[in-house]
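J.: Sequence:
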Amino acid sequence: MPTPPVPEDSRPEATRHAGPVNGTDFADWPLLTASGVDAVVTTRRGGVSKPPYDQLNLAFHVGDDESAVIENRRRVAAAFDADLDDMVFCEQVHRPAVHVATEADRGRGARTRSTAIQDTDAMVTTTPGLLLVVMVADCVPLVLHDPGAGVLGVVHAGWAGTVRGVTPAAVAAMVDLGARPQNIVAGIGPAISPATYQVGEDVRSAAEQAFGGATESVLRSDGTGRFLFDLFAANRLQLEQAGLDPARIELSGQVTGPGTPFYSHRAQQPTGRFAAVARLRAE
1 MPTPPVPEDS
11 RPEATRHAGP
21 VNGTDFADWP
31 LLTASGVDAV
41 VTTRRGGVSK
51 PPYDQLNLAF
61 HVGDDESAVI
71 ENRRRVAAAF
81 DADLDDMVFC
91 EQVHRPAVHV
101 ATEADRGRGA
111 RTRSTAIQDT
121 DAMVTTTPGL
131 LLVVMVADCV
141 PLVLHDPGAG
151 VLGVVHAGWA
161 GTVRGVTPAA
171 VAAMVDLGAR
181 PQNIVAGIGP
191 AISPATYQVG
201 EDVRSAAEQA
211 FGGATESVLR
221 SDGTGRFLFD
231 LFAANRLQLE
241 QAGLDPARIE
251 LSGQVTGPGT
261 PFYSHRAQQP
271 TGRFAAVARL
281 RAE
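First residue of the sequence shown: 1, per UniProt numbering; consecutive thereafter.
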């Protein structure tokens with residue numbers, strides 16, 4: 001199967017503000033949208049949660065009122081002309097476990113945390129209509145789509161998941177379902193700024209084990225004995241090493257934190273979670 005062309009009008013270096021949909025605010029990836037998949041990043045605008053979770057918090061585990069979280073999730077689903085019970089959530093644990101989502105998973109975790117897919121940081125599927133969700137608040141969300149094979153993946157990658165290889169594990173799981181790396185279109189979402197993501201010696205050591213001679217491209221000293229880790233660059237590098245075409249990787253230019261529309265766990269605790277939400281379209 002030939003590699004589908006990259007749309008000429010794509011903007012591979014930034015997500016764009018897609019604006020409000022039924023009052024709920026999103027960003028999206030032009031390259032992914034052009035590939036034929038429904039994929040967005042939620043912001044903190046357009047929900048019903050009260051401070052410090054205002055407004056569109058999607059997570060149960062942060063202390064927000066559960067009825068507000070369910071209403072926020074319902075609003076996100078409605079923006080896809082879908083139901084709350086079309087959403088699929090996982091309990092994220094910063095490890096490289098990947099779950100293959102099927103029709104049997106529809107609605108898991110949507111109304112209660114206990115029914116979410118456990119111990120999972122990435123999901124892949126060939127089932128149209130499932131709204132796959134990964135939640136973040138500094139970690140990087142990714143959406144992966146092979147339009148020819150009809151395979152979709154979503155990934156939650158913080159520093160631990162990144163060095164443990166959750167992103168290449170998701171690509172490998174997609175390949176098992178019929179995807180070809182060179183055909184996959186990838187969107188890397190908003191995350192903590194590489195200029196402020198300060199980490200310690202433990203992360204430096206783990207990054208060196210994961211990236212070897214390429215460590216300097218994802219981690220640098222901040223001059224104080226600590227280091228700055230670039231989640232964007234690290235996950236982009238892993239995608240390229242997994243066989244993706246660099247021209248088919250769309251890197252977000254947006255960061256989390258004060259002055260942005262995205263929650264940041266480092267900047268404020270407690271706080272909410274935003275999400276990458278993606279769905280294969282029904283033919």
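If you're looking for bench data, these hints aren't it; they were derived computationally from the structure. Fair warning: this is a prediction, and the values are worked out from it, not measured in the lab. We put the CB at the ideal spot given by N, CA and C, even for glycine. Keep in mind that a hint or two might mislead.
[Claimed, not checked] Below, simulated SDA-like cross-link-like pairs (lysine to any residue); rule was C-alpha separation at most 25 Å, straight line:
{"#": "1", "residue 1": "Lys50", "residue 2": "Arg75"}
{"#": "2", "residue 1": "Lys50", "residue 2": "Glu240"}
{"#": "3", "residue 1": "Lys50", "residue 2": "Pro128"}
{"#": "4", "residue 1": "Lys50", "residue 2": "Glu201"}
{"#": "5", "residue 1": "Lys50", "residue 2": "Arg281"}
[Stated by the list, open to error] Here are the simulated distance ranges between beta carbons:
{"#": "6", "residue 1": "Ala214", "residue 2": "Asp81", "range": "21 to 31 Å"}
{"#": "7", "residue 1": "Arg220", "residue 2": "Glu283", "range": "40 to 50 Å"}
{"#": "8", "residue 1": "Leu177", "residue 2": "Gln241", "range": "13 to 23 Å"}
J.: Take the C-beta atom of arginine 220 and the C-beta atom of glutamate 283, compute their distance, and say whether it sits inside 40 to 50 Å.
T.: Roughly 46 Å apart at Cβ, these two residues keep to the hinted range, so it holds.
J.: Can you let me know if the beta-carbon spacing of alanine 214 and aspartate 81 is within 21 to 31 Å?
T.: 42 Å, violated
J.: Do the alpha carbons of lysine 50 and arginine 281 lie within 25 Å of each other, as the hint requires?
T.: Roughly 33 Å separates the two Cα atoms, so the pair is violated.
J.: Hinted pair, alpha-carbon criterion (25 Å max): lysine 50, glutamate 240. Please report holds or violated.
T.: Violated, at roughly 41 Å.
J.: Quick check on a hinted range of 13 to 23 Å for leucine 177 and glutamine 241, using CB atoms only.
T.: Check passed, 20 Å falls within 13 to 23 Å.
J.: Check the hint pairing lysine 50 with glutamate 201 against an upper bound of 25 Å on the C-alpha distance.
T.: Violated, because 37 Å separates the two Cα atoms, which is more than 25 Å.
J.: Take the C-alpha atoms of lysine 50 and proline 128, compute the straight-line distance between them, and say whether it is at most 25 Å.
T.: 34 Å, violated
J.: For the pair supplied as a hint, lysine 50 and arginine 75, confirm whether the alpha-carbon distance does not exceed 25 Å.
T.: Cα-Cα ~16 Å, so holds.
In terms of the numbered hints stated before, the structure departs from hints 2, 3, 4, 5, 6, listed from lowest to highest.
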